[in-house]
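> This is what each chain is made of:
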Amino acid sequence: DTAVSQTPKYLVTQMGNDKSIKCEQNLGHDTMYWYKQDSKKFLKIMFSYNNKELIINETVPNRFSPKSPDKAHLNLHINSLELGDSAVYFCASSQGGAGSEYTFGSGTRLTVV
Amino acid sequence: QKEVEQDPGPLSVPEGAIVSLNCTYSNSAFQYFMWYRQYSRKGPELLMYTYSSGNKEDGRFTAQVDKSSKYISLFIRDSQPSDSATYLCALNSGGSNYKLTFGKGTLLTVNP
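Each protein sequence line maps, in turn, to chains C and X. The numbering used here applies: residue -18 is where the first sequence begins, and numbers increase by one. The numbering used here applies: residue 3 is where the second sequence begins, and numbers increase by one.
Errors might be hidden in some of the hints.
[Unchecked claim] Below, a list of computed lysine-lysine pairs in the DSS-like style, where the Cα atoms sit at most 25 Å apart: (1) X:58 - C:21; (2) X:101 - C:17; (3) X:101 - C:48; (4) C:22 - C:33.
No lab work stands behind these hints: they were computed from the structure.
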């Protein structure tokens, strides 16, 4: 049983399109995250939700909008996709507060052409 | 100055070698220190977790934290080809801060 699952695994789309990535965790964790990993493997946080409340909102273009319908799900919607959005997007979850261990999903590889 | 600096490598060693991976950081508020391992096309997985200064050992892996120097290390003894991966340090300041700040990762290859 996958602890943090993301769909789709791969996404190839044209510039200007709108796309969504879904994430689900079955660990009972309270907090979920979206991270972006660029081509140089640098992992940068984008958003975090704790019990459906947005707690981290880094400097990310408004075209990116997270949504958490419940504490087990965190989705990422991207409008008007640009070439620079090409990256691997990782969902993660953690239980408890600061200093908690993250469990990552296997990533969604987004390619914008 | 970046919050967390990590030499991206790549680092290539023969099987059985001792590997030393390092990160430096600038924010003295960091108090939780982790190492994640990421295999190609997979998500990062937690390898070692340390709170505050000191050493922690788990099998062939040893994590060291020197808060006075703002320097953390991961040592791998008797390295194996299966250790070939990207190793990322990750730091958190605790309190109300849930964010993990990652280093850029070091790509390690262990050659048989």
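> Now, for every hint given, state plainly whether the structure supports it.
Hint by hint, here is what the structure shows:
1. Restraint check: the Cα-Cα separation between residue 58 (chain X) and residue 21 (chain C) comes to about 29 Å, which exceeds 25 Å; the hinted pair is violated.
2. With a CA separation close to 13 Å, the supplied pair residue 101 (chain X) and residue 17 (chain C) stays within the 25 Å bound.
3. For the hint pairing residue 101 (chain X) with residue 48 (chain C), the CA-to-CA distance comes to about 18 Å; that is within 25 Å, so the pair holds.
4. Simply put, residue 22 (chain C) and residue 33 (chain C) have alpha-carbon atoms about 28 Å apart, too far for the 25 Å limit, and the pair is violated.
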